[in-house]
Structure formats: structure tokens, C-alpha cells
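> All chains, full assembly: derive it from the sequences and hints.
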Amino acid sequence: MDELTPRDSEFGLEKAAAESAPILDQSAGSFFKQLLGFWVTFAAQFRKVNTVQYPEEKEPTAERFHGRHQLNRHPDGLEKCIGCELCAWACPADAIYVEGGDNTPDAQYSPGERYGKVYQINYLRCVFCGLCIEACPTRALTMTNEYELADDSRRKLIFEKEDLLAPLRQGMLMPPHPMYPDSTDTTYYKGEVPHSHPSQEPNV
Amino acid sequence: MNAATLIGNDPGWLIAVKGLIVFVLCVLLTLMSVWGERRIVARMQMRLGPNRVGPFGLLQSLADGVKLALKEDLIPKAADRIVFVIAPVISATTCFMAFAVMPLTGKVSLFGHQTVMQLTDLPVGVLYVLAIASVGVYGIVLAGWSSGSTYPLLGGLRSSAQVISYEVAMGLSLVAVFIYSGSMSTADIVAAQHKWWYAVVLFPSFVIYAISMVGETNRAPFDLAEAEGELVGGFHTEYSSLKFALFFLAEYVNIVAVSSLATTLFLGGYHALPGLGFTENWLGGWFCMVWFFAKVIAFFYLFVWLRGTLPRMRYDQFMKFGWKVLIPSSLLWILVVATLRVMSARGAPRALIAAFTFGVVLLIMAATSLYEKANRTINVESLPDSSVEPSFPVPHVSGINRVESNNG
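These protein sequence lines are chains A and B, in that order. Using the numbering used here, the first residue of the first sequence is number 1, and each one after it goes up by one. Using the numbering used here, the first residue of the second sequence is number 205, and each one after it goes up by one.
Because the hints were derived from the structure by calculation, they are not lab data. Please note that a few of the clues may not be correct.
One side of the interface only, derived from the structure: several residues of chain A facing chain B at Cβ under 10 Å [said to hold, decoys possible]:
hint, residue
1, G37
2, V40
3, T41
4, F42
5, A44
6, Q45
7, F46
8, Q53
9, T142
Quick caveat: nothing in here was measured; it's all calculated off a predicted structure. In this text, a Cβ means the ideal position worked out from N, Cα and C, and glycines have one as well.
Shown next, in the form of C-alpha cells:
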């Protein structure tokens, strides 16, 4: 790795001066200097290879790698997405399709009035630029590090809401269910809802 | 009994068996060399290369062959259909024919017959190889022309010009070998190298041959005819499926063929390395084949090494190099060799021969130093005057004082 890091002199004034200096000696010694190239390739044969045996060995991606999207949930299980379509508007590749729907007392999917009824991302179009993530006002949409998205048909590469939603964690309930007692959407956004409340469980 | 008599006594069935052996060896060597090249180049680029099919990926070229065979065979609308089909056949058949005169072993017994592992021994064997190589060019030219497409045509033209130019240098480099061995038969040339390899005795010829064989086979750094970046593959752009496979096969068999010729003419053929002569009797003489192929593989490695190291040459530089450097220098070398040969044949005193050699070396040194001196003065004079601001805009570089321009 050391040899890849440029030394200061390679970018400094000395380099600029050296590059713009006229080349006086064009022929002498250049033939043997060219032969040095053969040594480079020959020696490289005995160095360690950089290949990763991919399907068998998987190396973790960079921490902030742009992979498949994920629709997040509040700690009680309600969806964060409010169906505002800002992600779809931000998308330069027109890969996102959103249809918002109204929450009703019987079917509450997200805190507040609206939720994302239909949410599709077309991974044949998506360029993984992350502008949708920047646009999202509720941090509902984030990206994971998952990159194995190849498939054999166009249909399979349009991910629906079910494919994108984050799994239920400890203390979460599958929506639709009522909001946390004595809370508004603001308390949700402030992160004041710790987990689901027994009153939110569906009446069986 | 010499090789020619032994071959002359071969019954018909033995010739057929030998032909089969040579063919199978060529195809196997080709498959292995495609794999070997990819593995070696990969290591040079710090990769692994094909390692999926079979142990160490050994069956990769077989898998590629099957894949190519299963592909759709397209013939473009504008193509000349008959020539289009014939061209790859010409390429693939001619490249195998060169092996007919390659001596692979000395005296061995094959199915109870005393013979040598060489299909036939022509008195003009080496000329035959050169002639076959020239016929092989027809495959390339016709493929380029009959595709009915621009880039293949350019590739075919380049290729023909290239192969013709480098064949001249190649042929001239072989003249010294003929003068020294007094024969054009491959078996006799190998026999003549019993004491000293011609790569040592005729080193300049060897260098010229080694360079021109790379040009002859259209390989990097002389792969201008295929030049992926410029010609989209060159003459075989429009070919697919088995027809493409034939060109692919031809290219690699050609490499093996010119390497074999180099081995035969300059590296002592099937003879063992100096000091290991006792190995030639192992396995009843068959062990010679190991030496032969070891030398061929060494040449093949050289090809791969060149490809892994050097960038492609520019076309005009390439032609200039062939016509203005290789051909004149080999002509000069032939003159020297012929003079030496005649002097020693006429029984000239050793001092005279030494004096002549010394004189030639001195003359060459004087000429090169004069040439370089002339070059250096030109270089200094032709340098741009750095104190004058150039007429085109240049980026500002701190630390370098430029004369401020008046109009700014």
C-alpha cells in the first residue's frame, strides 16, 4: 500500500518544475531504461495477487457503499415513509414510483395523515446516486450495503414496498396499528417513542 | 543413416500415424498455450486468470471452444459468402502445415520401426515453412476483404502489409543460417548445430528473427492488424462461432509454429541443453521431444512476456522499423557472414579473419557514434526557445518564470 501513496514531492513544485523543464537527453540510456519494464512485469508474477474469489469469499463493502434501498420503521413498527414522493422527484433516473395513501383510524401505517401506499424502485434504472436518500424528509429511505441485485427478468428487478421494508425488530409490531398512546407525529419524529405499547396490539 | 533416409523408408501407415501425432500435439499445445497465456498475463497484472474449469482452470480453452461452437454463425449481408467461408479454412490449414518439416526427435523406434519424429524432410524445408506462412496471409487478407465492412478491411490491409514486410526481414535473417549450415533442410540444420547453437554463433540473425517472428504472427506489440482499440478486432470482426474459433486456433498454432522454427534453426532443435547430452538417450530417444517442447514453451513465454510488457507500436514506426532497421541490418550481417564463410573456406589465415571481424566491429561502432552525435546536435537545435511565450495558452506554473506577455 505504501508504494501507492504519493509522496509530497510527486505533487509539489519540484514536480511541476521537472515536468516543464525541457527534455535534453532523449536517446542516451533510454534503451536500457525501457528494458527495465520487462523486469516490472516479470517481478509482478511473483507478487501476491489481488483477486478475491468472489462467490466463495466475500469482502465487506466500504461502510457507506450505496447498495439496495431500505424503507425504515419507527421503533414501534410504524413505517417512516409518509408518501411525499420527494424521493421520486429527486431521482435523476426516474427509478422510483410512489403513490401516497391516507391513514385511517382502522388502518394506521405511519404516524400522521399519509403513508406510502405503493412504493416501487426499478433497479434496472437506479444509478445508486443516493439523491433520494438526501431528499427524504423523515429518513424513511436509506441505503444498505447489499449489492447482489442481479436477476433474470425485468419484472423481478422492480422492487415493491414489501421487498424494501426493513424487517420487524424487537419491540416492533406489524402495521397497521394505532399510534403510540398520547403521541403525535411530532413525537415520533423527535424519537420519543421507545417501542410499541400493549395498547397498540391488534384486538384478536 | 541420416534423417532423410529414415523418413524415406517409412511405410504409408507410419506416415499417417506421425501426421496424427503431430496434429494432436499441435492442437493440445494450442489449447494449453491459450490457457497458459491467460494465466501468465494475469500473474503479470497481479490477477489469477482462469481458474474455474477443471484443476487450475486447465480446461478453460476447451470450455471456450464449446461455447464458440454453440454460438450463432452469422454471415453479414454485404459479405462475399464463398470467400468469407474459405478464408478461415485457409488460415487454419496452412498454420498446421508448417509442422510437417519440424524435427521433433532424433532416431526413435515407433511401433517397431526405426524412424525420426518428423513427418517429412524436404531439401528446402525452411523455404517451405516461409511459403506456407505467406499462404496463411491470404486467409487474413481474404477475411478482411470479404467481410464487406470497413474495419475488417483496414485490419486485413494492415496485416498483409505487416506480414509481407516482416517476412522479408525473417527470410533475410535465415540466410545466414543457410550459409553456415550449408543446407535448407531442417534436419540437417539441427544436425549442424551439434556443437554450437546458431543463436550463439549467429546472434544478430537470432535477434532479427525473434523480432520479425512477433511481427509475422501479429502479436503484441505488433498486433496492429487486430488492434482492439482502433479496429474493433481487425480482420475477424465480422466472424463468429466456429469460423472465429478457426482464426483463434490459427493464431496460436502460428505462434507455436514460428517458435518451433526458431527452436529448430537457432536453439539446436530437439538436442538437449549443453552439458545435458546424456538425457537424449532416455526413453529410447523420445526424451528429445521434451527438450524440443521446453524450448518452444520458452519462446511462447517470451511472446506472453512481450504482450504483458509493451504497448502497441504506431503503424508508421512499425513499418519504419521493419524496412529501415531490420532489413538493412540483416543485409549487412549477411555480407559479413558470407565474407567470413568464404575466407575460412579458402583457408585464409586466422589473423586475417580476426582482423576482418575487428574491422567490421570498429566500422559499426564508428557509424553508430556518428549517427548519435548527429542526432544529439539536431535535438539541441530543434528545442523550442523557452524564454519566448508560446503562441498557444499554457497553464501557469508557479516557480517557473515566464516572460510576461505585452498584450495581456
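> None of the hints should be skipped; say for each whether it holds.
Structure-based check of all given hints:
1. G37: 5 Å, holds
2. V40: 7 Å, holds
3. T41: With a minimum Cβ separation of about 4 Å from chain B (threshold 10 Å), the hint on T41 of chain A holds.
4. F42: 7 Å, holds
5. A44: 5 Å, holds
6. Q45: This hint holds: Q45 of chain A lies near chain B, its Cβ roughly 4 Å from the closest one there, short of 10 Å.
7. F46: This interface hint holds because 8 Å falls under the 10 Å limit.
8. Q53: 8 Å, holds
9. T142: 35 Å, violated
Taken one by one, the earlier hints fail for this structure only at number 9.
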